[in-house]
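Participant: For this one, chain A is given, so just place chains B and C on it according to the hints.
What follows is the residue order along each chain.
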Amino acid sequence: MSKLSISHSEGIATVSINNPPSNVITSDLINEVNAFVLSLKYDRDTKIVVFKSLHPLFFLAHLDLHVINGTTAGQAASIEFNHMITNIKAMKQLSVAVVDGVARGGGDEFVMACDLAYATENAAFAQPEIHVNIPTGGQGAVQYARRMGKNKALQALLLGNDFTAQQAEALNIITQYVPKSEMDEFLAQVLGVIAQLEIRNILMYKEIIAASIIDEDAGAELELRYFLERAKENKTQAIIDAFIKHGGQTDREAKDIQGIFVDTAAELAKSFNG
Amino acid sequence: MSKLSISHSEGIATVSINNPPSNVITSDLINEVNAFVLSLKYDRDTKIVVFKSLHPLFFLAHLDLHVINGTTAGQAASIEFNHMITNIKAMKQLSVAVVDGVARGGGDEFVMACDLAYATENAAFAQPEIHVNIPTGGQGAVQYARRMGKNKALQALLLGNDFTAQQAEALNIITQYVPKSEMDEFLAQVLGVIAQLEIRNILMYKEIIAASIIDEDAGAELELRYFLERAKENKTQAIIDAFIKHGGQTDREAKDIQGIFVDTAAELAKSFNG
Amino acid sequence: MSKLSISHSEGIATVSINNPPSNVITSDLINEVNAFVLSLKYDRDTKIVVFKSLHPLFFLAHLDLHVINGTTAGQAASIEFNHMITNIKAMKQLSVAVVDGVARGGGDEFVMACDLAYATENAAFAQPEIHVNIPTGGQGAVQYARRMGKNKALQALLLGNDFTAQQAEALNIITQYVPKSEMDEFLAQVLGVIAQLEIRNILMYKEIIAASIIDEDAGAELELRYFLERAKENKTQAIIDAFIKHGGQTDREAKDIQGIFVDTAAELAKSFNG
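Protein chains in written order, with the numbering used here: chain A, 1 to 274; chain B, 275 to 548; chain C, 549 to 822.
For the record, the hints were derived by calculation from the structure and aren't laboratory data.
For lysine-lysine, the following DSSO-like pairs were computed, each having C-alpha atoms within a straight-line distance of at most 30 angstroms:
no.: 1; chain 1: A; residue 1: K180; chain 2: C; residue 2: K803
no.: 2; chain 1: B; residue 1: K506; chain 2: C; residue 2: K637
no.: 3; chain 1: C; residue 1: K551; chain 2: C; residue 2: K728
no.: 4; chain 1: B; residue 1: K326; chain 2: A; residue 2: K255
no.: 5; chain 1: C; residue 1: K600; chain 2: C; residue 2: K637
no.: 6; chain 1: A; residue 1: K232; chain 2: A; residue 2: K92
no.: 7; chain 1: B; residue 1: K277; chain 2: A; residue 2: K255
no.: 8; chain 1: A; residue 1: K270; chain 2: A; residue 2: K245
no.: 9; chain 1: B; residue 1: K363; chain 2: A; residue 2: K232
no.: 10; chain 1: A; residue 1: K180; chain 2: A; residue 2: K52
no.: 11; chain 1: C; residue 1: K803; chain 2: A; residue 2: K3
no.: 12; chain 1: B; residue 1: K363; chain 2: B; residue 2: K315
no.: 13; chain 1: A; residue 1: K52; chain 2: A; residue 2: K89
no.: 14; chain 1: B; residue 1: K277; chain 2: A; residue 2: K232
no.: 15; chain 1: C; residue 1: K818; chain 2: C; residue 2: K783
no.: 16; chain 1: C; residue 1: K780; chain 2: A; residue 2: K3
no.: 17; chain 1: B; residue 1: K277; chain 2: B; residue 2: K326
no.: 18; chain 1: C; residue 1: K589; chain 2: C; residue 2: K640
no.: 19; chain 1: A; residue 1: K245; chain 2: B; residue 2: K326
no.: 20; chain 1: C; residue 1: K551; chain 2: B; residue 2: K506
no.: 21; chain 1: B; residue 1: K529; chain 2: C; residue 2: K600
no.: 22; chain 1: C; residue 1: K793; chain 2: A; residue 2: K3
no.: 23; chain 1: B; residue 1: K519; chain 2: C; residue 2: K551
no.: 24; chain 1: A; residue 1: K255; chain 2: A; residue 2: K270
no.: 25; chain 1: A; residue 1: K89; chain 2: A; residue 2: K3
no.: 26; chain 1: C; residue 1: K793; chain 2: A; residue 2: K52
no.: 27; chain 1: B; residue 1: K529; chain 2: C; residue 2: K728
no.: 28; chain 1: C; residue 1: K803; chain 2: A; residue 2: K52
To spell it out: a stretch of chain B is covered by chain A in this simulated footprint if at least three of its residues, at any positions, have a beta carbon under 8 angstroms from a beta carbon of chain A; those stretches are:
no.: 29; region: 342-349
no.: 30; region: 372-380
Taking beta-carbon pairs under 8 angstroms as the criterion, some of the chain A residues facing chain C (in silico):
no.: 31; residue: H131
no.: 32; residue: V132
no.: 33; residue: P135
no.: 34; residue: G137
no.: 35; residue: Q139
Beta carbons: idealized from backbone N, C-alpha and C, even for Gly.
Chain A with its partners taken away, still in its complex shape:
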C-alpha cells in the first residue's frame, strides 16, 4: 500500500494518507482504503482507527474529478467511492478523523463517515458539488440533512460554502474543534481512555445508538437487554466491588469520580497480578 502509511500502537491504528500532489480521492486511494477497512473485519487487536493526512493543505481534497463522467470506468469508480463511505460507516472499530486541512466534497463525506472527527483552525469543510452540476455522492447531503436540519442543510448544499472547524462543530459535521497546538495532547487523553475499553463495548454503543436514532423504543429495549446481560458478568462484579471499596457511593464521587476510577483500576491490576 503506497498511499496509506499505517502504524499500530496499543490498539490504535494510525492511517496517514498521502496521495500527491493534492490528496485527491483517486481510484487507487479508494481501493487501498477499502482493502484496509475490510481487513479490519477480522482484526481482534485494533480498537481505534485514526485517519490523518500528510498533506500540508488538504485532509482530502475531494473525489477525483476524472471519474465523474458517464464512462463505465467512471461510474464504477464513483460507486466504489460510495462503497468506501458505507464501509467506513460499518467498521466495528472506532473510526476517528483528525482534520488539519481542507475537506471538501468526498473529503467532507469521508470525515462524516467516521464515528468521531476533530479538526483544527486549518480545517475547512464544504459540499460544493452543485456548482459542478452534480449532487453529493457519498452521503454528504444525507448527513447534512440529518445533522443540521433541513434548512441549514439546504443553504449549505446550494451555496457550497466553506465552514471552519468551530462552525462545523456547531453544525454537527465534526465532533469537536481542537486547536492544533492542543491536538496531540487531546488525542492522547481521549483515545487513551477509549483504548482501554474492550472493542465489544464500542460496538455495543454503536449498535444502541443506531437503533435509537431509528426508533426510540427499540433502542431502549436493546439497551436494557445489554444492561441485564452485562450486569451478570464476573468482570462487572469485580469492578463494582473495587469501586465501592475506594469510595464509590460516597461523597467522594461528587468531586473525584476520576480518582475512584484510578484507584479501582489499580486495585483490579493488583488482584489480577497477585
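Facilitator: Quick look at chains B and C alone, frame taken from chain A:
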C-alpha cells in the same frame, strides 16, 4: 414515604429527594418514586411535578451498584429502575427536574426522563457506565443519541465524562442553565405561567410533540384536528373577544403582547365574577 | 392582488406583504398567497421566492382571530390557512422569508414553512396560541418538536414566549440571524449564488433532504442515483474540464476555490459565446 417529601401548592407538587448518605437510587427510592408517579394518574389537581434533591452534593448519584448483578433480586431491581424511567416519561403532568448537584448514570437518566430540566453551576451530568462494564440502563444512550446526534453521543458514552449545565444545555441533556442565584425567581416565573394552563393543554402538546418526532405528517394532522376542535369552544371565543378588546390585532401586540394578555385575564376574571 | 406586491428580477420573485393595519393573516391574504404559490407550479422562470413585509412592526402578526371559531366559515378559513402552510412547503422554488418584525403564531409558522429564513434584530418569533385555548394550527408545534427537540419545544409552546433572531437561529426556527444593516448585501450575495443554479438543482436537493430525514438509507440511495445520472451529462464534463484547466485538483483549490469557480464560469461563458 420516607425518602421523598412532597408538598403541594397551586397545582404544583414539589418532590424533595433525600436518600442518605449520597442520594443513590436504591430499590427503596425506586419503589417510592414509582408509587408516587403512578398515584398521579388519577390526580386531577396536580399539573406540575418538580423534582429536587435535599443533598448538598448530589441530585441523584446513580443507580445503586448493589443491584447491578446477576441475582434475581438485582435483575428485578434493575428492571424496576428502568420502569421508573418509563413511568416518569409517561406522566400526564409536566415533570421538571431542578438540578443543583451531580447527576450521573441513573441520575442523568432521571433528569432526561423529565419533560423539562433546569440546572445550576453546581450540576454535573454524565453516563460513565461503560467503565463499570455495563451500558446505560435507563435510556441514557438512547437519549444521548436522539438529543446530541450519533457522534457526540458516542464520544460522551465512551468517555463517560462530566458535562456542566451550560454544556448540557447545548447538548440538549437539559432545557436550560440557570444560575443558582436566579433559580427560585426563574422557577416562580416559568411554573407560574404553566400552572395557569389546564392540564389537558400540557397533555395535548406532549401528544403532538411525540407524534411529530416520529412522523411529521402524522403530527401535523393531529395538531390540525386539535386546533379545529378547540376553536369551537366557548372559552376560546371569550378569550379572543377580550384579547381583541384590549388591543389584539393592533400594533400594541408588537411590543406589548404580555400587557394584552394581562388585561385579557383581568377582563375574563371580571366577567366570571360579575 | 392587493395585499401582495410582486416584483421579478433574474429568477427571483420578491413578494412584499401589506395587509393593514397590522399584517394579520386574514382570509383574503391567505387566498392571495395560495393563488400565487399555486401559480408557481408551472412557472419556469422563477427559481427563488422571497417573502418580505411592508409593515414597520410586523412580518405577519398571526392568523386572524376572527376565523378561530366553530362557524363553518371560520373552520374553512382555518383549513385554508393550514393548506397555505403545506402549499408553501411543497413549492418547487426556493422559498425565503426575510423577517424584520414580529412573527407570532401563524406568522412564525409561515416563516418555518419557507426553505430558508433570515431575520434581523427587529424580529420576534413565538407560538403563544395556548394562552388563547388553542394549539398551533399551521405546524408550529410540529416544527418546534422537530427543530429544537422535545424538551425545548414543550417549554416554548407552554410559555409562548418571544425569541430573538439569535435565539431563533440557535433553535433552528430560522436559518440565520443577519443584522438589518447587512441584510441587503447578504441577500444579494446568497441569492445571487443560488439564482445561478438551475431550478432542478434546488428541487433535487430538497428531495434528497426530505428523503434523508425520514430514512438515512433511502436518502443515500436516492443521492447516489442522482449522482450517477448527473455525472453522465455533457454539462458536467464541460464544467469539470474548465475547472481543472484553471487549477482544480491543485493546491490552488485549498485557499482559492472561489477564484477557480470564477475562472471556470468565465471560460464556459467564452466557449458558449465563441
